[in-house]
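Enquirer: Each chain is listed here by its residues.
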Amino acid sequence: MRAGALLAGSAAAIAAAVQARTISAAAMVDASLARVAAIDSAVNAFTDVVAERARARAAALDARLSAGEGDALPLAGVPFAVKNLFDVAGLTTRAGSKIEREKAPAIADAPLIARLERAGAILVGALNMDEYAYGFTTENSHDGPTRNPHDLARIAGGSSGGSAAAVAAGEVPISLGSDTNGSIRVPASLCGVFGLKPTYGRLPRNGTHPFVASLDHLGPFARSAHDLALVYDALQGADCADPACVDRGIEATAATIGEPIDGLRIAVLGGWFRERADGSARAAVDCVATALGAHREVELPEVERARAAAFLITNAEGAALHLADLRARAADFEPLSRDRFLAGALLPAAWVVAAQRLRRWFALRVAEILRDVDVLIAPATPCVAPAIGSEWLDIQGRRLPARPSLGLLTQPISFIGLPVCAVPVWGCHATMPVGVQIVAAPWREDVVLRVAHHLQRAGVVDAPVTSLTASR
Amino acid sequence: MDPQRIEAYVDAAAAALELPLAPAHRPGVIAYFALAAELADSVAGARLGIADDAAPVFTPIGPDDLPGRDRGSSR
Numbered sequence: 015m016r017a018g019a020l021l022a023g024s025a026a027a028i029a030a031a032v033q034a035r036t037i038s039a040a041a042m043v044d045a046s047l048a049r050v051a052a053i054d055s056a057v058n059a060f061t062d063v064v065a066e067r068a069r070a071r072a073a074a075l076d077a078r079l080s081a082g083e084g085d086a087l088p089l090a091g092v093p094f095a096v097k098n099l100f101d102v103a104g105l106t107t108r109a110g111s112k113i114e115r116e117k118a119p120a121i122a123d124a125p126l127i128a129r130l131e132r133a134g135a136i137l138v139g140a141l142n143m144d145e146y147a148y149g150f151t152t153e154n155s156h157d158g159p160t161r162n163p164h165d166l167a168r169i170a171g172g173s174s175g176g177s178a179a180a181v182a183a184g185e186v187p188i189s190l191g192s193d194t195n196g197s198i199r200v201p202a203s204l205c206g207v208f209g210l211k212p213t214y215g216r217l218p219r220n221g222t223h224p225f226v227a228s229l230d231h232l233g234p235f236a237r238s239a240h241d242l243a244l245v246y247d248a249l250q251g252a253d254c255a256d257p258a259c260v261d262r263g264i265e266a267t268a269a270t271i272g273e274p275i276d277g278l279r280i281a282v283l284g285g286w287f288r289e290r291a292d293g294s295a296r297a298a299v300d301c302v303a304t305a306l307g308a309h310r311e312v313e314l315p316e317v318e319r320a321r322a323a324a325f326l327i328t329n330a331e332g333a334a335l336h337l338a339d340l341r342a343r344a345a346d347f348e349p350l351s352r353d354r355f356l357a358g359a360l361l362p363a364a365w366v367v368a369a370q371r372l373r374r375w376f377a378l379r380v381a382e383i384l385r386d387v388d389v390l391i392a393p394a395t396p397c398v399a400p401a402i403g404s405e406w407l408d409i410q411g412r413r414l415p416a417r418p419s420l421g422l423l424t425q426p427i428s429f430i431g432l433p434v435c436a437v438p439v440w441g442c443h444a445t446m447p448v449g450v451q452i453v454a455a456p457w458r459e460d461v462v463l464r465v466a467h468h469l470q471r472a473g474v475v476d477a478p479v480t481s482l483t484a485s486r
Numbered sequence: 004m005d006p007q008r009i010e011a012y013v014d015a016a017a018a019a020l021e022l023p024l025a026p027a028h029r030p031g032v033i034a035y036f037a038l039a040a041e042l043a044d045s046v047a048g049a050r051l052g053i054a055d056d057a058a059p060v061f062t063p064i065g066p067d068d069l070p071g072r073d074r075g076s077s078r
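If you're matching them up, the sequences are chains A and B in order. This note's numbering puts the first sequence at residues 15 to 486. This note's numbering puts the second sequence at residues 4 to 78.
The shape of chain A in the complex, shown without the other chains (with noise of 0.2 Å):
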């Protein structure tokens, strides 16, 4: 099989076909670096491209499976890419701002990056995103929006936008990102494709620009969940760099994502994520519900006022974080998110205080929730992809500001660090996906994991890469 066509398929088999040595590893990297030039400049998920790193990479790969070794790499050969927070040896870790770009490139790669290198991929580029990571839309004023490739007068969400865009567009087929309040899911799900967030606390996130130290989490994209096991047990492993990772060892879920799901008690979450969610999410829930045979209704209490609290605390912590330059260069940040910023550097910090207490105070609660349901099924956004610069959504009735309010129904989630697999679900719109949070309890990723995959199996959901071509 030639290179372009498996670098429109899975992971999986392009590291098959590359241990087998009937495709090169230089030639997935030549694939994905050519289909990034043909592209990308209609996408622009990339706003780095490593391709003198890629291919001395590729060519020291190809070299090992050529001597017989590098048989047990179940990521051999195949391109990745990664949200620009990452640090990149050699590349300056931008996170999405003009000021970060002033300072000198990192002298190490992440650690997941490294993870990834040694599971035999190839690192090619690295991602579009909101600044700092504040944002849902990946409209980026520094380096221009990434646009949705299924339809390129949306948006791709964000914050990890170029990360989804490139899977979506096949560009490659994984790429990491990271979620504080649904910036992998939200992406994936306004992209059609796959996306993890693995409980809080798993994945160590030493070597990233944080953004919520309290809330932040990484994690992959792909376009299978079986892809996306791959990746995500090829990046377990505690790190004592960070002082939020607990190391639990591996938990290793490609081997056993396609168990049976029976027995498994499901949900669908009811309340608020119904009531934020337009008819096109709430059809996708449904139809995932019934290939689960999921009857039962769930509400989580006070989500509400959980969906308040991840808003202060993210408000307070990253305007913290960069409280130097806000009172230095203010006019530098991204005009979508400054004022948030500058806002947020005044709360009183018993406001903080007390989202911080309601945080453990909800995460008792659901837990008691999760005695009696090992998945709860959700919208991962409250409708498709608006378009690129639309400042308001109307959800059954509510008008709302469109910027903050594509993560209402992510954001309750990830403020107890419960694992989230996003899968896309078609046609319940006329032209766009939208995507399904599907959760379980802490350290449970292979459930959602398994879950995925079987809805994937049964045809319920899909990440196809859209037919963008270079004339479009």
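Read the hints as simulated data drawn from the structure, not as lab findings. Each residue gets a CB set at the ideal place from its N, CA and C atoms; glycine is no exception. Warning: the hint list may mix true and false statements.
To spell it out: a stretch of chain A is covered by chain B in this simulated footprint if at least three of its residues, at any positions, have a beta carbon under 8 Å from a beta carbon of chain B; those stretches are [unchecked claim]:
| hint | segment |
| --- | --- |
| 1 | 350–356 |
| 2 | 420–433 |
Listed below are several chain A residues computed to face chain B (Cβ distance under 7 Å; list not exhaustive) [stated by the list, open to error]:
| hint | residue |
| --- | --- |
| 3 | Y214 |
| 4 | R310 |
| 5 | A322 |
| 6 | A323 |
| 7 | F325 |
| 8 | R343 |
| 9 | W365 |
| 10 | A368 |
| 11 | R371 |
| 12 | L372 |
| 13 | R374 |
| 14 | W375 |
| 15 | A455 |
Position chain B relative to chain A; hints supplied.
Expert: Quick look at chain B alone, frame taken from chain A:
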């Protein structure tokens, strides 16, 4: 907080923090602070007890971590 108190607080807190607010930014800052105040009111409405502490380093809590009865999962 009413709008006048919000404006007064924003100006005073910004001055205390030595955080200059450009005239072009001030209306947006006030609007976002007002939004945060509304959300803080919502959080304050939760009925937390004196023992409902924050988790200094947050650790997710699963059903197996709860004290008391068995989970009874069918997995």
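Enquirer: Confirm or reject each hint.
Expert: Against the structure, the hints come out as follows:
By the rule of at least three residues with a Cβ nearer than 8 Å to a Cβ of chain B, the coverage given for the segment 350–356 of chain A holds, with 4 such residues. For the segment 420–433 of chain A, the proposed coverage by chain B is satisfied: 3 residues have a C-beta within less than 8 Å of a C-beta in that chain, meeting the threshold of three. Because the beta carbon of Y214 (chain A) sits about 5 Å from the nearest beta carbon in chain B, less than 7 Å, this interface hint is met. Here the hint on R310 (chain A) is broken, as its CB sits about 14 Å from the closest CB of chain B, past 7 Å.
Satisfaction of the interface hint for A322 (chain A) is found here, the shortest Cβ-Cβ separation to chain B being roughly 4 Å, below the 7 Å cut-off. Taken as an interface hint, A323 (chain A) checks out: its beta carbon lies about 5 Å from the nearest beta carbon of chain B, inside 7 Å. Here the hint on F325 (chain A) is kept, as its CB sits about 5 Å from the closest CB of chain B, short of 7 Å. Violation of the interface hint for R343 (chain A) is found here, the shortest Cβ-Cβ separation to chain B being roughly 10 Å, above the 7 Å cut-off.
Residue-level restraint check for W365 (chain A) holds (minimum Cβ-Cβ distance to chain B is 4 Å; threshold 7 Å). Restraint check, A368 (chain A) versus chain B: the minimum CB separation of about 5 Å is within 7 Å; hint holds. Below 7 Å, beta-carbon pairs count as interface contacts, and R371 (chain A) has one with chain B at about 5 Å; its hint therefore holds. About 5 Å separates the beta-carbon of L372 (chain A) from the nearest beta-carbon of chain B, less than 7 Å, and the hint is met.
Look at R374 (chain A): its Cβ gets to within about 5 Å of chain B, closer than 7 Å, so that hint holds up. Checking W375 (chain A) against chain B: minimum C-beta separation of about 5 Å stays under 7 Å; hint holds. With a least beta-carbon distance of about 4 Å to chain B, the hint placing A455 (chain A) at the interface is held under the 7 Å criterion.
Checked against the numbered hints given earlier, the structure breaks hints 4 and 8 and satisfies all the rest.
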